[in-house]
Amino acid sequence: MKKFLAVVKHEYRKVVLKWSFLIGTLLLPFLAACFAVVPAIIFSLKGEPTRIVIVDPTGKIEPRLRANLSSEKMEARAHRAAEESMKDFTPSQEEQIKRSAEQFGQEFEFISYETKGSLTNDIRSDLNSMIVNGMADAYLMIPEDIDSGNSTFEFRSRKAGDFVMNESFQEALNDAVRSQRLADANISEDKLKDLTHPVNLDSKGIDEKGAERDSGGTFIASFVIGLMIYITLAIYGQAIMGAVVEEKETRIAEILFSSARPFELMMGKLVGVGLAGLTQLGIWVASAAVIVSVIALQTDLSEVVGTLPSISPLMIVYFLVFFLLGFFIYASIFALIGSMVTTVQEGGQFAFPPVMLMLIGFYFSFAVVRDPNSSLSFWVSIAPFFAPITMPVRILSETPPFWQIGLSFIVNAVAIAGLIWLASRVYRVGMLMYGKRATIPEVWKWIRQA
Amino acid sequence: MTEQNVTLSVLNVSKRFGDFSAVEDLSFDVRAGRVFGFLGPNGAGKTTTIRMIVGITVPDEGSIELFGQKISPALQDRIGYLPEERGLYKKMKIVDQLRYFAALKGVSAADTERKIDFWLDRMQLGDWKKKKTSDLSKGMQQKVQFISTVLHDPDLLILDEPFSGLDPINVEFLMDVISEFKTQDKTIIFSTHLMETAEKLCNDILLINKARKVVSGSLRQVKESYGRNLIALRATGSESVLSDPSIVSKTVVHADETIVHLIDGTDPQILLRRLIDGGAEISKFEKVEASLNDIFIDEIRGVKVEK
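Protein sequences appear in the order of chains A and B.
One point on numbering: in our numbering, the residue at position 244 of the first sequence is 244, and numbering is uninterrupted.
One point on numbering: in our numbering, the residue at position 26 of the second sequence is 26, and numbering is uninterrupted.
Treat the hints with care, since some could be wrong.
For lysine-lysine, the following DSS-like pairs were computed, each having C-alpha atoms within a straight-line distance of at most 25 Å [as the list claims (entries may be wrong)]:
{"hint": "1", "chain 1": "B", "residue 1": "131", "chain 2": "B", "residue 2": "93"}
{"hint": "2", "chain 1": "A", "residue 1": "18", "chain 2": "B", "residue 2": "210"}
{"hint": "3", "chain 1": "B", "residue 1": "93", "chain 2": "A", "residue 2": "2"}
{"hint": "4", "chain 1": "B", "residue 1": "70", "chain 2": "A", "residue 2": "2"}
{"hint": "5", "chain 1": "B", "residue 1": "90", "chain 2": "B", "residue 2": "115"}
{"hint": "6", "chain 1": "A", "residue 1": "18", "chain 2": "B", "residue 2": "130"}
{"hint": "7", "chain 1": "A", "residue 1": "2", "chain 2": "B", "residue 2": "115"}
{"hint": "8", "chain 1": "B", "residue 1": "131", "chain 2": "A", "residue 2": "18"}
{"hint": "9", "chain 1": "B", "residue 1": "131", "chain 2": "A", "residue 2": "9"}
{"hint": "10", "chain 1": "A", "residue 1": "436", "chain 2": "B", "residue 2": "115"}
{"hint": "11", "chain 1": "B", "residue 1": "70", "chain 2": "B", "residue 2": "93"}
What the simulated footprint calls covered on chain A by chain B, stretch by stretch (three residues with Cβ under 8 Å from a Cβ of chain B suffice, anywhere in the stretch; the number is not a length) [stated by the list, open to error]:
{"hint": "12", "stretch": "4-12"}
{"hint": "13", "stretch": "387-395"}
Source of the hints: derived by calculation from the structure; they are not laboratory data.
Virtual Cβ for every residue (Gly too), placed ideally from N, Cα, C.
Just chain A, same shape as in the assembly (with noise of 0.2 Å):
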């Protein structure tokens, strides 16, 4: 038993020392907040007001533009959009939606031009060296015949790359041009929003206690953790196969089995290795943690969150105990892998059967995500290989009932079993094979006579 401690504390280290494993575990959730925060931050910072000239021969869309372009208008118009996509906001939600309006409202200053009866092209030559001149930042040249379906608008800008403003820009003009055509033809526009408002599809998922949930969330956060769960598997099922192999290549094994007994060996290495996995792996879902109840409180991606699945505790052991299964599953496999090769490259050959049940049960998880409850879903959540993967892609889009998460434990435990009792017998002799690769009727007899 001290042997074995001795084996975990060293292969523990060995992993978690490494600069690799330093850089993994703080880059990925570094990554992560980049990529959830930055853009919100990028896109809420204001960019200075557009100045913008207006030349409307019609004289009747410029004062609704002007209307449409104030900041209340605005801030009205991104309200409503957001209560499009989201009903029954909670007062919070409502403040947020309300600051968010804020931040992606845009500035416009007008400045007055005078047309003087002169002829279009005139203008535009005129409005481009404004433009040039950096007199103005904008200008919109309104055709004389709005109704027509040819005419066009012409809007020039500097500014033609900033997708915010050119969308905010083009609403405010079409509900101008809208609404004075609708004026033209004499019809209320309270009337017309009363009959094109658009039908409520209420879509939300409903779980086994008949709680209602949101299905976006979900399916990003089952993906997200199916994604954590094969990426961990392969990079630690690999780290093991390394392991293994230059202990066989260098001719330590000869040592080390001089000293502990083999199995001592193995399973001290699979567990280190594991537990090196576990403390990522938690770093990785402390930060998660940190990370999301930042963004909850902060940003405007809080939209995003509050469709997130809630994750209780639980679910977190759920987790990190199917991850652990998979490991052993995998790590077992690797270890008969390396003890069978002679190079980390001939292991790389061999290694192709494992990493493609981990994908398939990868694959697999998106089939539980769409419908948690076939017996597809079933079956490949109890199933060992697959399992690892699939279940906690199951218990967070739809808890099955406990006797399930139970029976696929305890089958994957069983494999787990198996699979140790087999690599074990190809490790104590693999290891001392040297020269070439072992060939499968070899490794079956050392199975069989060990």
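Put chain B on the given structure of chain A with help from the hints.
Below, chain B alone, put in the same frame as chain A:
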């Protein structure tokens, strides 16, 4: 040379891999305070035998007793094994590797630090304690590996080709350490192809070939049993006498002398007289012992030197 201080006893041990017999019915004893030379060509079964002694593999037949007990994992802590093909973790600090190997041999943490410092100083590697293996020269790595073998103060030391890759100064140095272990009444098994080294270092030898024992005993006994009828000769005009099969069985020509193997029972004086009578001019005529190298080569080729 009493039977009481036998520390390792290998009795009728056999080990087979499928149809291939790696060790066949091998028996020998190793005594404390003596260096035991375990000799044989490649593939003779040396490594297989050593692996069974250190508990890496188990014999198919026969038994191995160490310090009066059947070999067991607990006894592994009293063995220091330096394998022929040895390695260190490439990217790990020297001190961390030594700590790990010591922990695997059950050395307490407090003792470990003290012993690591002692041995690193002794091997003149004190400055390299915090360096990684890849920063060390091959010879330095060899010394680190040797330290890992003796760190837990083993009672049985098994060294497989310990001198390969070492410069002459370090070879001398290692020999000193080995003699020191010898005076502490520890048991040392020393496996090598280098017969000159074995001749210098070993008290007892065991020569095996093709899984079986060929020669064993104390170095003295073995050499005496081979050396009686060898003459080192430097002479001109001796060809006709040396080609007489009634007295000479074989000649081996070296650079400045010829080793003459006499037919068993032939008195060297007869050869000397025949040479003088034949008009040969003799500048050297000396009765010599067979070198371990000769014994090795003759035994392995199956051409026994006439006794």
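Hints numbered earlier in the text: which of these fail when held up against the supplied structure? Checked against the structure, the hints that fail are numbers 2, 10, 11 and 13, while the rest are satisfied.
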